[in-house]
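**Student:** Residue-level listing of the chains:
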Amino acid sequence: MKPMRVLVGAAAIVCMVAVGPLADIAPAAEPYPVRPVQVIVPFPPGGVADLVARPLAAALEKLLKQPVVIVNKTGAGGAVGMQAQAVAKPDGYTLMVALSSISVMPEVDALFNRPPVYKLSDFAPIALLSSDPTVLVVSSKSPWKTVADFVADAKKRPGEIKYASSGVYGTMHVAMEMLAHSAGIKLRHIPTGGGGPALNALLGGHVDAISGGPNVSIPHIKAGTVRVLAGWGDKRLPALPDVPTLKEVGYKDVEFYIWSGFFAPAATPEPVIKALREATAKAVQAPDFKTAMEKMATPIDYLDAPDFKKFWDRDAERLIKAVRNIGKVE
Amino acid sequence: MEATFHNLILGFSTVFTPANILYSLVGCLIGTMVGVLPGVGPLAGISMLLPTTFGLDTTSAIILLAGIYYGAMYGGSTTSILMRIPGEAASVMTCIDGYAMARKGRAGPALAIAAIGSYIAGTLSVVGLMFLAPPLAKFALGFGPPEYFCLLVCGLVVLSYMTGGSIVKNLAMIVFGLMVGMIGIDQMSGYFRFSYGIVALGDGVGLVPVAVGLFGISEILVTAGSPEIREVLKPRLRDLIPSKQEFKDSIAPIGRGTVLGFLIGIIPGSAHIISTFVSYAVERRISKHPERFGQGAIEGVAGPEAANNAASEGALVPLLALGVPTGPVPAVLLAALMVHGITPGPLFIQEQPVVFWGLIASMYVGNMVLLLLNLPMVGLFVNLLRVPYRILYPTILLFCVLGVYAVNSSLVDVGIMSIMGVLGYLLRKMDFETAPMVLGVVLAPIIEFSFRQSLAMSAGDYSIFIQRPIAAFFLVIALIMILLSLKPLFIKKRDWRERLTEAQKDA
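Residue numbers (my numbering), protein chains in the order written: chain R, 4 to 333; chain Z, 150 to 656.
The set of hints was computed from the structure by calculation and includes no laboratory data. Fair warning: there could be bad hints in the mix.
Unchecked claim - Here's a subset of chain R near chain Z, in silico, CB distances under 7 Å, partners left out:
#1 LYS76
#2 GLY78
#3 ALA82
#4 VAL83
#5 GLN86
#6 THR149
#7 ILE193
#8 GLY207
#9 HIS223
#10 LYS298
What the hints assert, rightly or not - Capping the alpha-carbon separation at 20 Å, the derived lysine to aspartate or glutamate pairs in EDC-like fashion look like this:
#11 LYS331(R) with GLU500(Z)
#12 LYS293(R) with ASP206(Z)
#13 LYS189(R) with ASP610(Z)
#14 LYS312(R) with GLU110(R)
#15 LYS122(R) with ASP318(R)
#16 LYS298(R) with ASP206(Z)
#17 LYS165(R) with GLU500(Z)
#18 LYS298(R) with GLU500(Z)
#19 LYS225(R) with GLU500(Z)
#20 LYS148(R) with GLU251(R)
To be verified - Listed next, the stretches of chain R that the computed footprint assigns to chain Z, with coverage defined by at least 3 CB atoms under 8 Å from CB atoms of chain Z:
#21 52-59
#22 164-178
#23 248-255
#24 302-314
If you're wondering where the values come from, they're calculated on a predicted model, not measured in any experiment. Virtual Cβ for every residue (Gly too), placed ideally from N, Cα, C.
Construct all of the structure, not just a fragment, from the sequences and the given hints.
**Tutor:** Written out as structure tokens, the structure is:
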């Protein structure tokens with residue numbers, strides 16, 4: 004019984020860690036893939052990247068006829084996992100699902116005069132998987148009914164309206180500062196440890212507004228505890244048809260998405276990239292993947308590599324500008 | 150009231166299908182296992198199993214995953230008591246007296262009390278969850294950064310007053326822990342602090358490698374360095390069952406641990422860990438024989454073990470009542486619900502009665518299963534101590550390395566664990582307590598962040614801490630504790646610290 008128990012435990016752990024080292028044997032000009040593929044998720048389980056990556060991995064597994072294993076390599080707001088991907092062997096056996104924050108980090112490093120952890124050119128885009136604009140959420144007890152009310156009030160008392168974010172230079176911070184810059188207002192930023200705590204801070208009345216993901220905000224909108232004033236997308240959200248976009252109400256240069264994309268290391272051979280692009284194109288059409296994404300209320304927004312590259316370049320430009328406008332946080 | 154029972158019957162009718170009972174059982178079993186393995190906590194366990202639940206219906210999936218969560222709190226005590234290695238971060242306090250009991254040949258009772266305490270706390274907390282979820286959840290949201298900061302200040306004052314041994318050495322260890330806790334990205338500005346270019350240190354040093362290193366690895370090193378060959382204990386049945394006295398001593402701590410754990414568990418953050426520290430400190434403070442703590446006091450096992458179970462269920466209150474996760478594990482459970490097309494929110498209980506009441510009922514069943522699972526295993530686990538050290542300890546070392554690596558797939562974590570192991574060995578050779586240091590590492594980031602968030606909210610005005618009632622309440626308690634600790638300066642009376650010193654001289 005006793006050695007049995009230890010054995011079972013040992014087997015479980017060995018299975019968990021064995022997939023890492025396996026990916027180190029390099030085959031020469033073999034058909035791809037011949038062994039398990041590892042997908043790095045630089046964020047903890049249960050986050051947007053993780054929830055998109057898991058059904059994707061399941062769909063790819065069937066197409067590539069090899070196990071596709073998710074590895075949550077977390078830390079430093081995703082920098083640890085993204086760095087691991089940047090230096091991974093470019094053989095197509097270490098891939099990554101990352102979020103829009105990938106474009107922000109090198110710029111933040113530059114801001115602090117430290118060597119960048121990775122460069123955007125370290126990655127080859129395979130596909131855009133999902134994109135979701137954030138929405139401006141305020142407490143239903145607040146006096147603001149429209150963005151105009153909000154902005155007018157913020158102009159009256161600069162630096163007094165508080166908003167919470169998922170973290171400094173995180174998605175919720177950058178999005179809100181983009182609006183603040185465009186509207187010429189000053190808001191007070193309270194960083195928290197993630198999207199969940201930021202929403203809690205709003206619900207608890209500790210801050211006045213957030214720029215949050217629509218899928219987690221919708222239940223609270225239905226319950227009447229919060230109100231949505233506007234969205235950051237270029238068109239209205241299907242789930243919130245009455246909510247205008249910030250572009251509609253006059254902030255033409257404000258556009259922000261929490262998107263997830265599929266990446267390979269930059270030096271990955273062309274045939275491997277091609278195989279991955281083809282498999283991903285099929286995977287996003289798979290019924291299981293579609294249902295999984297639907298259930299999470301995360302809209303699939305598939306773009307193949309060339310279009311994704313264009314989308315990414317435009318998005319990165321916007322984000323880098325926003326980070327420069329924010330500058331160093333005191 | 151009547152509606153509640155009607156709903157509960159609905160819940161039980163959901164659970165009492167062969168499939169759902171099986172999922173509850175499997176969840177509890179896996180939970181116990183991840184709890185036993187050092188490093189691999191409920192977070193890792195749940196996230197690894199999350200994808201396998203995609204095919205299940207929602208209720209079964211959540212029953213399975215929740216089983217892993219509270220099951221881990223049972224398992225975490227096992228290695229703490231037997232080997233001084235916290236199987237789960239919330240079992241750090243159990244290491245102190247649990248292991249001391251094991252060295253005196255009372256491992257059986259310690260394990261049994263841990264399981265019984267967990268059961269009582271687990272079951273009572275489900276009752277609390279059932280009746281109090283909606284009002285308590287509102288209270289939890291009232292906890293903003295200022296309240297959190299004041300709670301922690303109050304906690305630190307209480308703890309430093311109550312920890313045994315040399316006050317100077319303890320304070321030194323707390324401060325050292327706080328300093329280690331400063332490593333990492335400054336969450337307010339994005340600066341890297343003391344990370345020396347190692348990106349993985351951006352999130353700071355993790356609690357798991359620190360706790361496993363300071364407690365577990367250092368114990369292995371100490372044992373390897375000591376010439377005495379401990380006699381192999383042959384446990385008889387009599388030694389496995391807690392004595393009448395031990396039962397009597399445990400009842401009250403279990404009760405207090407349950408209430409404390411549940412209430413603290415509701416508060417956002419890694420509260421289940423804090424609840425065990427607080428419970429231990431309270432037990433020690435109100436004990437008539439505080440000098441027994443650290444030497445194998447059963448109360449020091451019963452209180453914290455009840456607290457961590459109650460807290461793990463308390464943490465579900467805000468998730469289920471409001472749809473707001475308060476820690477990493479509830480966040481993964483939220484994700485699991487979302488994968489199944491349910492986004493918990495304020496209307497969750499009304500809109501999804503089958504899922505909510507099914508979960509509640511499954512927790513009654515699960516806690517029963519865990520008790521039945523863990524009590525017979527006591528004998529089995531105690532036998533583990535009969536394995537010769539030359540085989541047992543290298544095996545434990547291997548598990549520590551694998552477990553710590555598995556949490557983040559990070560070699561840096563393994564490095565931290567090794568350094569902390571050597572450090573822990575040196576500290577213990579010099580008679581420093583390692584528990585205060587772990588406490589410092591846990592609290593440093595939270596206390597600093599909540600302090601600075603508060604000041605950001607008030608634009609630098611310190612009065613925010615006394616203007617808000619809950620925050621002010623905690624500060625007043627802290628002040629009273631400080632005044633109490635000054636009392637001996639004015640009134641000459643032997644307090645327990647002196648009795649402790651005398652007791653140690655006699656030994």
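**Student:** Indicate, hint by hint, whether the structure satisfies it.
**Tutor:** To see whether the hints hold, each was checked on the structure:
1. With a least beta-carbon distance of about 5 Å to chain Z, the hint placing LYS76(R) at the interface is held under the 7 Å criterion.
2. The interface hint given for GLY78(R) is met, as the beta carbon of that residue sits about 5 Å from the closest beta carbon of chain Z, less than 7 Å.
3. Interface restraint check for ALA82(R): the shortest CB-CB distance to chain Z comes to about 5 Å, inside 7 Å, so the restraint holds.
4. Of the supplied interface hints, the one on VAL83(R) holds, with its beta-carbon coming within about 5 Å of a beta-carbon of chain Z, less than 7 Å.
5. A hinted interface residue such as GLN86(R) counts as satisfied when its beta carbon comes closer than 7 Å to some beta carbon of chain Z; here the least separation is about 5 Å, so the hint holds.
6. At its closest, the beta carbon of THR149(R) sits 24 Å from a beta carbon of chain Z; the interface hint therefore is violated under the 7 Å criterion.
7. With a cut of 7 Å, the hint placing ILE193(R) at the interface with chain Z holds, because the nearest CB-to-CB distance is about 5 Å.
8. Hint on GLY207(R) holds. Least Cβ distance to chain Z is approximately 4 Å, under the 7 Å limit.
9. Given the 7 Å rule on beta carbons, the hint for HIS223(R) holds: about 6 Å separates it from the nearest Cβ of chain Z.
10. At about 4 Å, the closest approach between the beta carbon of LYS298(R) and any beta carbon in chain Z falls short of 7 Å, and the interface hint on this residue holds.
11. Restraint check for LYS331(R) and GLU500(Z): the C-alpha separation of about 45 Å exceeds 20 Å, so the hint is violated.
12. A hinted pair counts as satisfied when its Cα atoms are at most 20 Å apart, and LYS293(R) with ASP206(Z) qualifies at roughly 17 Å.
13. The straight-line distance between the Cα atoms of LYS189(R) and ASP610(Z) is roughly 19 Å, inside the 20 Å bound, and the hint therefore holds.
14. Annotation: proposed proximity of LYS312(R) to GLU110(R) holds, straight-line Cα distance about 18 Å (limit 20 Å).
15. Simply put, LYS122(R) and ASP318(R) have alpha-carbon atoms about 16 Å apart, close enough for the 20 Å limit, and the pair holds.
16. The straight-line distance between the Cα atoms of LYS298(R) and ASP206(Z) is roughly 13 Å, inside the 20 Å bound, and the hint therefore holds.
17. Using a Cα cut-off of 20 Å, the hinted pair LYS165(R) and GLU500(Z) is violated, with the two alpha carbons roughly 32 Å apart.
18. Distance hint between LYS298(R) and GLU500(Z) is fulfilled; the C-alpha atoms sit about 16 Å from each other, no more than 20 Å.
19. Taking the CA atoms of LYS225(R) and GLU500(Z), the gap is about 12 Å. The hint holds against a cut of 20 Å.
20. With a CA separation close to 16 Å, the supplied pair LYS148(R) and GLU251(R) stays within the 20 Å bound.
21. Counting residues of the region 52-59 of chain R whose C-beta sits closer than 8 Å to any C-beta of chain Z gives 4, which meets the bar of three, so the coverage hint holds.
22. Judged by the Cβ-Cβ criterion of 8 Å, the region 164-178 of chain R is covered by chain Z as claimed, because 4 of its residues qualify and three suffice.
23. Residues of the region 248-255 of chain R with a Cβ under 8 Å from some Cβ of chain Z number 0, which does not satisfy the need for three, so the listed coverage is violated.
24. Given as covered by chain Z, the region 302-314 of chain R fails the check, having 0 residues with a CB less than 8 Å from a CB of that chain where 3 are the minimum.
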